[in-house]
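Chemist: Given next are the chains, with one letter for each unit.
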Amino acid sequence: MKKIEAIIRKSRFDEVKKALHETEVNFFSYWDVTGVGNEKQGHVYRGVSYSTSDIQRRKISLVVSDHNVERTVETIIKAAHTGSVGDGKIFVSPVEEAYRIRTREKGTDSLS
Amino acid sequence: MELLTVNNVWMMVCTALVFFMHLGFSLLEVGLTRQKNAINILFKNVFIICAGLLTYSIIGFNLMYPGSFIAGIIPDYFFDLFGLSAPMADGSLDLAYNEGYTYWTDFLFQGMFAATAATIVSGAVAERIKLGSFMLFSVIYITFVYPIVGSWKWGGGFLDGLGFYDFAGSTLVHSVGGWAALIAIYLLGARLGKFSKDGQSHAIPGHNIPLATAGVFILWLGWFGFNGGSVLSADPSLTSITLVTTCLAAAAGGISAFVVSTIAYKNYDLTMFLNGILGGLVGITAGADLMSPLDAVLIGLVAGGVIVFGVSLIDKLKLDDPVGAVAVHLACGIWGTLAVGIFGSMAGFDQLLVQLAGVGIIGAFCCISAFIILSIIKATMGLRMEEKEETEGLDAHEHGMDAYAEFGTAHDR
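In order, the protein sequence lines correspond to chains S and H. According to my numbering, the residues represented by the first sequence are 467 to 578, in order. According to my numbering, the residues represented by the second sequence are -18 to 394, in order.
The hints are simulated quantities; they were obtained by calculation from the structure and are not laboratory data. Glycine included, each C-beta is placed from N, C-alpha and C at the ideal position. Where hints are given, some of them may not hold.
Stated by the list, open to error - One-sided and incomplete, this derived list gives chain S residues near chain H with beta-carbon spacing under 8 Å:
#1 Phe479
#2 Phe493
#3 Arg512
#4 Gly513
Said to hold, decoys possible - Sample of chain H residues lacking proximity to chain S, with all beta carbon distances greater than 10 Å (derived):
#5 Ser38
#6 Gly144
#7 Gly170
#8 Pro186
#9 Asp250
#10 Val289
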């Protein structure tokens, strides 16, 4: 099993969510984060301008079986891509064990 | 009797409207400052109206209308008149007191004004002043400085004798608060992170612009009472023209600030627009009953420009004013007072000089007294929160409370 963490634009979230459901990935969590990177947003407040690279993003975290990793990553990239600086990143890391709390199923059985 | 009833009803409605301005100030201030200090700001605003009314009932009202003066300047008071006592005639309330309103209405209406003078300071010193120091300063300032200044004009003192005119308090309320705010932010220093070592100014955006907007609309509504009630009767023509000039000045002030700030800063800044509305309102307050609609618009247009330049000037002087209180209340308060000599039925060079004299004398008195009070507080109990306390937020350190307990607090800004 692998954990896939994707930081994406908030504006692409609905597309990504729909695309994931279409590939039958139905379980994931997401939360709002502030990202610092290459994209810059200009701000002005009462005459003082400040450009921040602090931009609101959304982070999605999902765990999938090994054979689904490539397909899922491809799905996310396709849905989250805009071509402009600031599209985000995806990280894949190994997961040691997984459980479904309701039934105590372990391993890949708990992922479906 | 019917005339008194009609007049008094209007005055009581206006009293309620001016009271409502405290909600306006609270929302404006909490919206333009950071989430981590929200409880603290609101606490100060709630304190001011409560303490202000109480001290005004014990000392302020009598000090402001003393009946006679010593050496023409000092209200003949000397603490022999604590508390309220309505004039009686034949054992019942003396209704000849005033054809416009009863003694009680007089006290309460004026009491609402007294508290607004101190609340002006609370916005300017936000996010870094010690709560206890602020409460002590504002009690002393509302109890003594505000009524003494008020006595010189509305209490029949020497400024009244000179012909100084201030219809609803551009100077007597707004500048009194504005001077104190200026002195306070000078002695207090800027918020941490506002100015970097090389003098560069940083933006510290407010955390709830919708509340700030609501606050300004509520203040505008309150001004219907602030100016409408300063007619001191329900006279149809005076009250109605006053409301018209008030609203036109507010609108003109807003548009002017919006246009000027857009040209200057190349963005549409809602907070400058809101400040401009308030600037127009403060600007018309000295002469709302004297101005024609066109005069009111012109006064408002100038006030809007004054706001933008005032905010910028305060920033250039390396003073930190989170809500623009000094620009709105002091700068536009001075403008509104001088405008009485430039526009309207009292315009004239001599009047302008008298207005200028009033501004100067009151300015000197307020600055000196605010400076003395604040310096003593600074030297004894201290004015400012510790660095760590200010960074982590006054709500956490002065109150141990969260303004939005179920929402994750914003990371330290």
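Chemist: Determine for every hint whether it applies to the structure shown.
Modeler: A quick look at each hint next to the structure:
{"no.": "1", "hint": "Phe479", "result": "19 Å, violated"}
{"no.": "2", "hint": "Phe493", "result": "24 Å, violated"}
{"no.": "3", "hint": "Arg512", "result": "6 Å, holds"}
{"no.": "4", "hint": "Gly513", "result": "5 Å, holds"}
{"no.": "5", "hint": "Ser38", "result": "38 Å, holds"}
{"no.": "6", "hint": "Gly144", "result": "38 Å, holds"}
{"no.": "7", "hint": "Gly170", "result": "18 Å, holds"}
{"no.": "8", "hint": "Pro186", "result": "5 Å, violated"}
{"no.": "9", "hint": "Asp250", "result": "6 Å, violated"}
{"no.": "10", "hint": "Val289", "result": "8 Å, violated"}
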